[in-house]
Amino acid sequence: MRLPLFEKYWRMTGMIGVFVAGMMVGAAVLNSLSVAKFEAIYNTNSSLREKIEQYEKDLHSLNQYKSQHTVIKSIQIRLEEGTAAQERAPLDKSSETILLKLLKEDLSIFIGRSIYDIDSDAKLARLLLERKTYIDINGKDYSAELKTVLLAENVLQIWVQAKRIIKPPST
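Numbering of the sequence shown is given in my numbering, commencing with residue 90 and proceeding in unit increments.
Derived from the structure by calculation, the hints contain no laboratory data.
Just so it is clear, the structure is predicted and the values come from calculations on it, not from any experiment.
Glycine included, each C-beta is placed from N, C-alpha and C at the ideal position.
One or more of the hints may lead you astray.
No more than 25 Å apart at the CA atoms, straight line, and that leaves these computed lysine-lysine pairs for DSS-like [claimed, not checked]:
#	residue 1	residue 2
1	K97	K126
2	K162	K140
3	K256	K212
4	K155	K193
5	K252	K193
6	K221	K182
7	K229	K256
8	K162	K212
9	K236	K212
10	K212	K182
11	K182	K256
12	K190	K256
13	K190	K140
14	K140	K252
15	K182	K155
16	K236	K190
17	K146	K190
18	K236	K193
19	K182	K140
20	K190	K229
21	K236	K162
22	K155	K140
23	K146	K97
24	K236	K182
25	K221	K256
26	K126	K162
27	K162	K193
28	K212	K190
29	K182	K126
Here are the simulated distance ranges between beta carbons [what the hints assert, rightly or not]:
#	residue 1	residue 2	range
30	S121	E194	30 to 38 Å
31	Y144	D195	29 to 37 Å
32	A125	F95	37 to 45 Å
33	R215	L119	47 to 55 Å
34	K155	N120	30 to 38 Å
35	A241	K190	19 to 27 Å
36	Y131	R215	32 to 40 Å
Please construct the entire structure, taking both the sequences and the accompanying hints into account.
In structure tokens form, the structure reads like this:
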């Protein structure tokens, strides 16, 4: 039995090798693009779910206190990030959503309280959030500090400054 000469097929073997390598690189690029797109969709979906949950809670509390005109009916928290000198990396969307949820849970005791007691409530809120640390939100620790409290039209608006706590590396 006679074997054909391999030198005839070198050129075609090289082309097939380049084609297979191109397929592998193309598959890797396509996979990375689909993973990035899925991650963006997942982050958007989780933030929208959190918003829907918060809106349902707000709707329930508004329906509960609709006949009372002198109580705090809802809470809006506005999150400010630390200054650039104090914070190296901004909050990502998922950490921000979780942090807002935890802050609203901590401050939910104000819903249903009289708007005429806002001076004592502000002191209570300051005591609640005075350099409060939230541990392990997506693997990071954050400190929340109350900056401003404003009550308008039965909505308690609170500005909170969040700073990421950067731990020194352990040796």
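Here is how each hint holds up against the structure:
Taking the CA atoms of K97 and K126, the gap is near 45 Å; set against the 25 Å cutoff, the hint is violated. With a C-alpha separation of about 17 Å, the suggested pair K162 and K140 falls inside the 25 Å cut-off, and the hint holds. Proposed proximity of K256 and K212 is contradicted: the alpha carbons are some 30 Å apart, above 25 Å. Between K155 and K193 the alpha-carbon distance is near 20 Å, which keeps this suggested pair within the 25 Å criterion.
Proximity of K252 to K193 is assessed by CA-CA distance (about 17 Å); at most 25 Å being required, the pair is judged to hold. Annotation: proposed proximity of K221 to K182 holds, straight-line Cα distance about 20 Å (limit 25 Å). Distance hint between K229 and K256 is fulfilled; the C-alpha atoms sit about 9 Å from each other, no more than 25 Å. As the CA atoms of K162 and K212 are separated by approximately 19 Å, the hinted pair is consistent with the 25 Å bound.
Restraint check: the Cα-Cα separation between K236 and K212 comes to about 12 Å, which is no more than 25 Å; the hinted pair holds. At roughly 30 Å between alpha-carbon atoms, K212 and K182 are farther apart than 25 Å, so this suggested pair is violated. The straight-line distance between the Cα atoms of K182 and K256 is roughly 21 Å, inside the 25 Å bound, and the hint therefore holds. Distance hint between K190 and K256 is fulfilled; the C-alpha atoms sit about 24 Å from each other, no more than 25 Å.
For the hint pairing K190 with K140, the CA-to-CA distance comes to about 10 Å; that is within 25 Å, so the pair holds. Our distance criterion of 25 Å between C-alpha atoms is met by K140 and K252, whose separation comes to about 22 Å. Restraint check: the Cα-Cα separation between K182 and K155 comes to about 32 Å, which exceeds 25 Å; the hinted pair is violated. Only pairs whose Cα atoms come within 25 Å are accepted, and K236 paired with K190 is accepted, the gap being roughly 18 Å.
For a cut-off of 25 Å, the pair hint linking K146 to K190 stands: about 11 Å separates their Cα positions. The straight-line distance between the Cα atoms of K236 and K193 is roughly 15 Å, inside the 25 Å bound, and the hint therefore holds. For the hint pairing K182 with K140, the CA-to-CA distance comes to about 12 Å; that is within 25 Å, so the pair holds. Annotation: proposed proximity of K190 to K229 holds, straight-line Cα distance about 16 Å (limit 25 Å).
For a cut-off of 25 Å, the pair hint linking K236 to K162 stands: about 21 Å separates their Cα positions. Taking the CA atoms of K155 and K140, the gap is about 21 Å. The hint holds against a cut of 25 Å. For the suggested pair K146 and K97, the alpha carbons sit about 75 Å apart, so the restraint of at most 25 Å is broken. Note on K236 and K182: the hinted pairing holds, with a Cα-Cα distance of about 21 Å set against a maximum of 25 Å.
Between K221 and K256 the CA atoms are separated by roughly 16 Å; this keeps the pair inside 25 Å, and the hint holds. For the suggested pair K126 and K162, the alpha carbons sit about 38 Å apart, so the restraint of at most 25 Å is broken. A distance of roughly 13 Å separates the Cα atoms of K162 and K193; the hinted pair therefore holds under the 25 Å criterion. Of the supplied pair hints, the one linking K212 and K190 holds, its CA atoms being roughly 21 Å apart against a limit of 25 Å.
For the given pair, K182 sits about 15 Å from K126 by alpha-carbon distance, which is consistent with the 25 Å threshold. Here the CB-CB span from S121 to E194 is close to 37 Å, well matched to the stated 30 to 38 Å. Our hint of 29 to 37 Å for Y144 and D195 is violated, since their Cβ atoms are close to 19 Å apart. Separation of A125 from F95 is about 43 Å and conforms to the stated range, judged on CB atoms against 37 to 45 Å.
Restraint check, R215 to L119: a C-beta distance of roughly 52 Å satisfies the suggested window 47 to 55 Å. Separation of K155 from N120 is about 52 Å and departs from the stated range, judged on CB atoms against 30 to 38 Å. At about 23 Å, the CB distance of A241 to K190 agrees with the hint of 19 to 27 Å. Separation of Y131 from R215 is about 36 Å and conforms to the stated range, judged on CB atoms against 32 to 40 Å.
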